[in-house]
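Just so you know, the sequences run in chain order A and B. To convert, note that position 201 of the first sequence is 201 in the UniProt record's numbering; the numbers rise steadily by one, no gaps. To convert, note that position 299 of the second sequence is 299 in the UniProt record's numbering; the numbers rise steadily by one, no gaps.
These are calculated hints, taken from the structure and not from any lab test. Note that the Cβ used here is the ideal one computed from N, Cα and C, for glycine as well. Hints should not be assumed to be uniformly reliable.
Stretch-level coverage of chain A by chain B, calculated; a stretch enters the list once three of its residues show a Cβ under 8 Å from a Cβ in chain B [said to hold, decoys possible]:
#1 98 to 112
#2 226 to 239
#3 262 to 268
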Amino acid sequence: MTDKTEMLHPAATTLASEVRAGKLSRREFLSRATALGLTAPAAYALLGLEAPAQAQEAKTGGILRVGMEVKAQKDPRTADWPHIANVYRGWLEYLVQYNPDGSFEGRLLESWEANEDATQYTLKVRPGVTWNNGEAFTADDVVRMFTRWTDGSVDGNAMASRFMGLVDEGTKSLRDGAVVKVDDMTVQLVMSVSDVAVIANLADYPAAVLHSSYVDGSDPSANPIGTGPYLPREVAVGQRAILARNADHTWWGGTVPLDEIHYIDFGTDPAAMVALAGSDEIDCNYETNGEFIDVLDGLGWNKLEAVTASTIVMRMNSANGDLYKDKAIRQAIQKAVDPAVVLELGYNGLGTTAENHHACPVHPEYAEIPKQTIDPAGLKPALEAAGMLDTEFELISLDDGWEAASTDAVAAQLRDAGANIKRTVMPGSTFWNDWQKYPFSSTTWNHRPLAVQNMSLAYTSTGSWNETGMANAEFDAAMTQALSLADADARREVMVTLQTILQDEGYIIQPFWRSLYRHARDGVNIDMHPSFEHHHYKWSLA
Amino acid sequence: MLPFLLRRVGVMILTALTLSFVVFCLTNLAPNLEKLARTEGSVRMSDDAVLSWIENNGHGGSMVMRYGQWLGVAPGWVRTDDKGVTRGRCIQGAVTAESAPRFCGILQGDWGTSTVFREPVIKTVSEKLSSTAWLMLWVMLVMVPVSLIIGVLSGMREGSRTDRVLSTFAIATTATPEYVSGVILVVIFASATTGISPILAEWGWISGRTLFLGTATSAIDKITFWNFALPVMTIALYGIGYIARMTRASMTEVMTQQYIRTARLKGVAFHQVILKHALRNALIAPFTVIMLQFPWLLNGVVIVETLFNYKGFGWTLVQAAGNNDIQLLLACSVVAVFVVLVTQLISDVGYVFLNPRIRLS
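Only chain A is shown next, with the shape it has when bound in the complex (with noise of 0.2 Å):
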């Protein structure tokens, strides 16, 4: 054991001993431990606890149907929501994986360890891989992968801008000698700039890893070359997807319980998933919102649930709308809205309420920072000081359940405290046009493991997903070094930094945090993944 301990990340130990000292909770030392290079049994050991084993060997065989909308496949880097992942998830595996517990999972990669500051990463390929036409995975295909991912020129690499410390900015394409083959089985990246979330990036739904037959920008689904223990009998969009275990193909993971699992496309419509829960035509179904968690727990449904980052955020965007260019108004709209009415009228209370800065205490390297008061009696004089009595402000949101029943709650809440809300609600089919553009809308966030993914991808000046026109050197300073910063511990004093400016700066109310269920009937064995990831491999039917 004192071998292997000294093997360990020097971090690791630390973070166990904290754990035992009741410093840190067992889900967060998973996910930082995990990340930086221990298995997870390694990580359970260091709390010496045994590794959850997989639950009792699973029954193989039967077919799953699953409710969930069949969108058009795309090139898995462009890949932009999960329930396209979800289906290429069938044939196409990831290096890492990112499990419910918080725990980052080698898959295509055995093992990987990071130096101290978060500059070089050692990963070691899995031995024993092969891709479905019989080729052994090596590290030339991590390697590829890397190049692929890390293609600026492509329209919509959603990945590209995940690993800043490998791109050469003048190309936008991988720097030479970033990504370096070792040997068969290794692959040492050597970065410009710290960061801590490599690992994290792997395990997103864009990362799948693709055969080097694969033909850029085309339907993964036509050539389905993968490591994966299933493939696509049909992918019919709108419809249905099939996946059905390959008969020909030596999985690395063994053999998988499932035989079909079939994904069956009843449109977004949520009381239509009640109707089909009732008359037994899907096992299971994606996510389960609002009212009907109860509907279908009713109905004698098992209930799954996942504790997340996911949230909603009303931002105002200070680049397209004059109206929020005042940072005293952005602040006085900010707290005069209290999250915990927009947690229970929005989204039933099922979650906890949040700080206005996006980082949660799920996220390993949360910090806290003193309680902002809400303050509604402060909107009308900050207005009327900006001359902006009768001034009406829009609020927009997507036609859908909870996002508007939440907007509406913020809406009601300013216009209680003496602001001219109109709100507008808008169906999908509009609302994503123009998006990022308009000056105070709600966006969904999904769940990321690091509160400074979000954070880095959505306030700094040069975010890419920035919708908020914020610009604050100060922040984009603070953030350069939180992504140096490898130990969570350390991060978390930048983080109260950027969790202060974040919040200071006031262009987001952002209440809550969601918790994410989904439901299915007896004798199902899934689980529901915080990121909506299907790990089909764990599935089985009792």
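Based on these hints, arrange chain B on the given structure of chain A.
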């Protein structure tokens, strides 16, 4: 007869051209192209990326030229991007840039590719149309006999109790739109928590949790009474009331005619009078109405197919419109024009056979 048919075909082609051009213009408005770019590329694309996407995917240039490409009278677009990959309207699947024809529009039999369903438009439309044809067939099989019987029964003795009861039913059903009757039917027959299903399940009369299925998705593969009854009833109910009212009006008018009175006075039995003398004359008006139901059904199914998630023509139209699928919408509008005008043609020709007094030309 022949000049009449030719004239009708001419009108049909002209209408299809006009309508498809209008649809083409609407789907090619700048904001619609932007939306297409964002759904096809990525929602998070920058504005520059959107513009380059539009240009690189053949949506640039003049609208008339692009419409010409769709028709097949203008050469299809070809572009070579900065990576040296040549793409174009006529280059797809196994066809390479070298072997691609210059023209590939509907005149050449190429209806293009659907951006939503990622398959040839002709395949999507024909598959969905056949699904909807099944739905229409069952609707017609239920609607026509039922409505004619109701109409004749209530029309043969105007003002009688049968007439009052049946007329009330007919007016009620035709006054209820599908999106109301559909929901009511689902609540009563296909919900595990409301209506009669929980009661029946408790009594052990049904093995599942609901009497009927609330969705018709499974009917695409196999039509059963359980998955098809509700959508068919929803559409049929509305039509039943309408056609029954028409039949009743026509029947009551016929029943006041001199020759009916003569037949009655001659001592012919009442049912003989109805079947032999009244019915044929009374069916002329309902026949037109029934033929008019076809175009109405084709568009009316939009609501029902969406409500019951039956993936037919109406549902496809919604998907195509919601995602600005240009090629698919164009094909749908051509199909719609075709169906409307052909059924009207049949209706006009059929009229001649039912009513010898009418000549086509």
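Stated coverage of the region 262 to 268 of chain A by chain B [criterion: 3+ residues, CB within 8 Å]:
holds (count 3)
Proximity test - 8 Å, beta-carbon atoms, the region 226 to 239 of chain A to chain B, at least three hits:
With 4 residues closer than 8 Å to chain B, the region 226 to 239 of chain A meets the three-residue bar; holds.
Coverage of the region 98 to 112 of chain A by chain B, judged on three or more residues with CB within 8 Å
Result for this restraint: violated, n = 0.
The structure shown violates just one earlier hint, number 1.
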